[in-house]
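Listed below are the residues making up each chain.
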Amino acid sequence: MTGFFTLLYKELLRFWKVGFQTIVAPMVSTLLYLLIFFHVLEAHVEAYPGVAYTAFLIPGLVMMAVIQNAFANASSSMIQSKISGNIVFILLSPLSYHAIFFAYIIASIVRGLLVGLGVYWVTLFFFDIPLAQPVWSILFVVLGSAILSALGLIAGIWADKFDQLAAFQNFIILPLTFLSGVFYTIHSLPAGWQYFSHLNPFFYMIDGFRYGFFGVSDISPYISLLIVAICLVAISMLTIRMLKTGYKLRH
Amino acid sequence: MQPAIEVKHVSKCFGDVCALSGIDLEIRAGEFFALLGPNGAGKTTLISIIAGLTLADSGTVSVMGHNVITQYRQARQSLGVVPQELVFDPFFTVREILLIQSGYYGIKHNGDWVDEIIERLDLTSKANANMRALSGGMKRRVLVAQALVHKPPVIILDEPTAGVDVELRQSLWDFIRQLNQNGHTIVLTTHYLDEAETLCNRVAMLKDGKIVALDSTQNMIGKLPAGKSVRLRLLPDTLPAALHTLQLSHTGGMVELRIDTYAQVELILSALRSAHIEILEMHLQQPDLEDVFVNMMRNSGN
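So the sequence lines, in the order shown, correspond to chains A and B.
Read in UniProt numbering, the first sequence has 42 at position 42, and its numbers run on one by one without any break.
Read in UniProt numbering, the second sequence has 261 at position 261, and its numbers run on one by one without any break.
This is chain B alone, in the form it adopts within the complex (with noise of 0.2 Å):
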């Protein structure tokens, strides 16, 4: 099956810094896919050079099959991008900002779907609304709207819950993954690896220009050398000679077990209570993708 998206060798430096160095990525249709990374590590520049928008000094990008550089209309036609800044036109209202946007893509009557999106992204109320007037939420919005006018099969959007309140990100993610149900591909970055965790089917995770991991989520988080674990407070503060083995960690009054399987915790269990010691507080640890990207940012590249 064709790729939603292809980047072969592709490398972009501003000056001396390059942003990004010889970037493979096959991004599946259909796929939930995470593009993870700290600050700079060339996120932006790699979706800035799929949408066009930046132009890579080698390698080559295909959207649904199609060169950015010498299809960039087809390309561009089947992409949709949620940019990271909060840019908007001034001089209109959301529904004239949405129709415009349609024509753009080529789209004459497009009333019905923009009231759609209109709808599903809780702007009914800001719709003649002028741009100037609404808050980062309400705007962020619109932009989410913008990408998604001419029904794109494949979507990016930038860090698109950066400063959202929790209401508005739920709601944009039950979209989003609707969208991705109805067979949109979906690619997004985000610094809240929790989102990408329960979204994405798969992630990919950039350092200073470079792809350092790329796999499932599960398998990411499956390849841990970190397993479970249970963290305890007991009353008297002491752990019975059998536990001793599986401990990990007693500071602080708390002690931290490490267990393989969830059916140790009831040996646990029953090794406090033929003690008699008491459990005042338990928390059962998993690793999960951010334990994954602090073992990649700190290990990878060094």
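Just chain A, same shape as in the assembly (with noise of 0.2 Å):
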């Protein structure tokens, strides 16, 4: 065990070392999404009854930040590891792929929670915002977090180069993201927009996460858990059949 520790710790400590980039920078920009759509919709859009838009615009945007950076995080770093390198001195030593995929899965997370917690703390200095059931938010935010983890690590080794990397980030992630109910509740859509997003299993985390906080959901948080848990095991076998074969790190 102490290989997966050294390297979840050298994991931890890579963005540590620029906290004010991989921490702080994401906790600004996410609150100024928040800034900006409290200013323009607070008055005029309301979510759940007796919901305010802010109130429910603010787990989305947790949420958003969390996978954002959970994502950025095992992306940047394999990548960065490959494109420089020094990707051989993990690859030279007896770390086990088992090893390999829980230290960069479980370091990606534990910044997306960082992130998530520091805007969430931030917010709570301004708006009262309920945590109904945080069982609920906890599952959800880890769980996210770890499939958008287990993606940056296949997106980080399958790219070549950054310009991938971006297109990856850029034409799925980003996509999927902004198009789970952020920012608004799909029940506000058209039916044929309603049905695409229930093929987005990033909606499921979402309103799962929103669950935990007002007991109001789009749909049942069960069926939710169920979809993320089905896509973490997925993503997470894909995951580490890559690293097992070696695909684009052993040639």
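In case anyone wonders, no lab produced these hints; they're calculated from the structure.
Here the structure is a predicted model, which means the values were calculated and not measured.
Don't take each hint at face value.
[Unchecked claim] From the structure, some residues in chain B lie toward chain A, with a derived Cβ separation under 8 Å:
(1) Cys-13
(2) Arg-73
(3) Arg-76
(4) Val-87
(5) Ile-100
(6) Gly-103
(7) Tyr-105
(8) Gly-106
(9) Lys-108
[Stated by the list, open to error] Only pairs whose alpha carbons sit at most 27 Å apart, straight line, appear in this in silico DSSO-like list of lysine-lysine:
(10) Lys-82/A <-> Lys-139/B
(11) Lys-151/B <-> Lys-108/B
(12) Lys-161/A <-> Lys-248/A
(13) Lys-139/B <-> Lys-151/B
(14) Lys-207/B <-> Lys-8/B
(15) Lys-17/A <-> Lys-108/B
(16) Lys-210/B <-> Lys-8/B
(17) Lys-108/B <-> Lys-139/B
(18) Lys-161/A <-> Lys-244/A
(19) Lys-223/B <-> Lys-210/B
(20) Lys-161/A <-> Lys-17/A
(21) Lys-82/A <-> Lys-244/A
(22) Lys-161/A <-> Lys-82/A
(23) Lys-244/A <-> Lys-108/B
(24) Lys-139/B <-> Lys-161/A
(25) Lys-244/A <-> Lys-223/B
(26) Lys-17/A <-> Lys-82/A
(27) Lys-17/A <-> Lys-223/B
(28) Lys-8/B <-> Lys-248/A
(29) Lys-223/B <-> Lys-207/B
(30) Lys-108/B <-> Lys-8/B
Backbone N, C-alpha and C fix where the C-beta goes; we use that ideal spot for every residue, glycine too.
Mind assembling these two chains? They're in different frames, but the hints should get you there.
Below, the structure written as structure tokens:
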């Protein structure tokens, strides 16, 4: 286990040493979203009966910050190591591919949660947000960030260049995030768009996470949990398989 | 005795280009072994396959009896590799890197050994410097240190002295030689054939993905058709008749005479003395590994 804990420690240290860029900066940009949407929409929209738009928005933004940073951490760590060549020190070592997988994933979850917690903590000074069933929120935020960490690892392994990684991020991760109900409840959408939203696994993460705050959600949190868990298992298996076969890492 | 490295029928192609075709090689425990060959001969590919960085198309490789695929953890635990590229992790200091690397090999409290390697490789003044701040030669030393954190029985160095100044080269080889004397098996690739000749007991020469020569350094040099010779610049520039039978060449004021034994040098000198010919310049030529190398690369595989 020493190998696993060392790699985890190294991965944590990697983002912690540049914490201003990896934790504070994404917190600031998320809070800017909040400020702008609050200013423009607070008086006009009520997402659920009795739930003000800002209260509805905050869990969505927190979850968005968490998953974006979880993805960014795993993907950038992997691609930087690949391009600079220092991935060789991990590949030469007797670390098992399970150890590599869990170390990268857990470090990325931690970064995501730190950013999310930071955003949530700041909003507490200005807004009164309920936390009806925190266990649900914790469950979804951990599983959601784990999925995005694994996706980040896949993207980092797959991409040969930074622009390919940016494409993965801009054409897959970003649309799935923005169209998942971060900013709106899908019940406000036309029927066709609602249908497509149900095909988006990110929707279930955010809907389930929000359920923990308001005790209300677009669909049952049990169904969301099942779908998120299935996604996590499937994506993890794919990632572990890539590490095991040495896809794009061992030639 | 169990071989340190055993390579059986290993082939590897990248698309149409075959880097290795049917390599068989056994490196015994405790050897100081050189892998020589021109650029593109397949040396680095072979090392990468032994290290598990590259997967062979066919054949098997084991390190200290552990198959590098099926028992990869034990095989990698037995192996320390100094890569050819100057790679480094820009987030950490030298000492942090070495302690992290120790952890990857399952070693928790490695401070004493890390400090010893740092001292042996003359890195003490840079131990707490960030990797980015180091010169190329310093980075090379850190790479060597990283390969040694887990005291591997087998150490592979891929061109460790490329672009390294003379002083470091000397101290590096002293250190490596000592490791070899302490029982570590050493495998190196280098383009400096004099290094291989002084350091290594045995040499394999690769060309176009095949081993074209594999023998002890001494045997290889001994087998060369070209023997020893003496090169002389004379005044006047003529050769006594008695020495004409030994003459190999006479160009640009330099005469080259073939000798079979060093005792013949005495005969040559006395013949010149009695003919009143003065010696302005004299070189004794002996075949070295470089001659073997040039000979092998020219003749084999055509």
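Evaluated hints:
1. Cys-13: Since the shortest Cβ distance to chain A is 11 Å, the answer is violated.
2. Arg-73: holds, 4 Å
3. Arg-76: Nearest chain A Cβ about 4 Å off; hint holds.
4. Val-87: holds, 4 Å
5. Ile-100: Holds: closest Cβ of chain A sits about 5 Å from Ile-100/B, inside 8 Å.
6. Gly-103: Holds, because the Cβ-Cβ distance from Gly-103/B to chain A comes to roughly 3 Å (cut-off 8 Å).
7. Tyr-105: holds, 6 Å
8. Gly-106: holds, 5 Å
9. Lys-108: holds, 6 Å
10. Lys-82/A <-> Lys-139/B: Holds, at roughly 18 Å.
11. Lys-151/B <-> Lys-108/B: holds, 14 Å
12. Lys-161/A <-> Lys-248/A: Holds. Lys-161/A to Lys-248/A sits at ~12 Å (cutoff 27 Å).
13. Lys-139/B <-> Lys-151/B: The given pair, whose Cα atoms are some 20 Å apart, holds under the 27 Å limit.
14. Lys-207/B <-> Lys-8/B: holds, 17 Å
15. Lys-17/A <-> Lys-108/B: holds, 22 Å
16. Lys-210/B <-> Lys-8/B: holds, 13 Å
17. Lys-108/B <-> Lys-139/B: holds, 24 Å
18. Lys-161/A <-> Lys-244/A: holds, 22 Å
19. Lys-223/B <-> Lys-210/B: holds, 20 Å
20. Lys-161/A <-> Lys-17/A: At roughly 24 Å apart (the allowed maximum being 27 Å), Lys-17/A and Lys-161/A satisfy the hint.
21. Lys-82/A <-> Lys-244/A: Given pair Lys-82/A, Lys-244/A holds - Cα atoms ~17 Å apart, limit 27 Å.
22. Lys-161/A <-> Lys-82/A: holds, 9 Å
23. Lys-244/A <-> Lys-108/B: Within the cut-off at roughly 25 Å; holds.
24. Lys-139/B <-> Lys-161/A: Distance ~25 Å between Lys-139/B and Lys-161/A Cα, so the pair holds.
25. Lys-244/A <-> Lys-223/B: Since the Cα atoms of Lys-244/A and Lys-223/B sit roughly 47 Å apart, the hinted pair is violated (cutoff 27 Å).
26. Lys-17/A <-> Lys-82/A: Status holds; Cα separation ~20 Å.
27. Lys-17/A <-> Lys-223/B: At roughly 59 Å apart (the allowed maximum being 27 Å), Lys-223/B and Lys-17/A break the hint.
28. Lys-8/B <-> Lys-248/A: Holds. Lys-8/B to Lys-248/A sits at ~25 Å (cutoff 27 Å).
29. Lys-223/B <-> Lys-207/B: holds, 19 Å
30. Lys-108/B <-> Lys-8/B: violated, 35 Å
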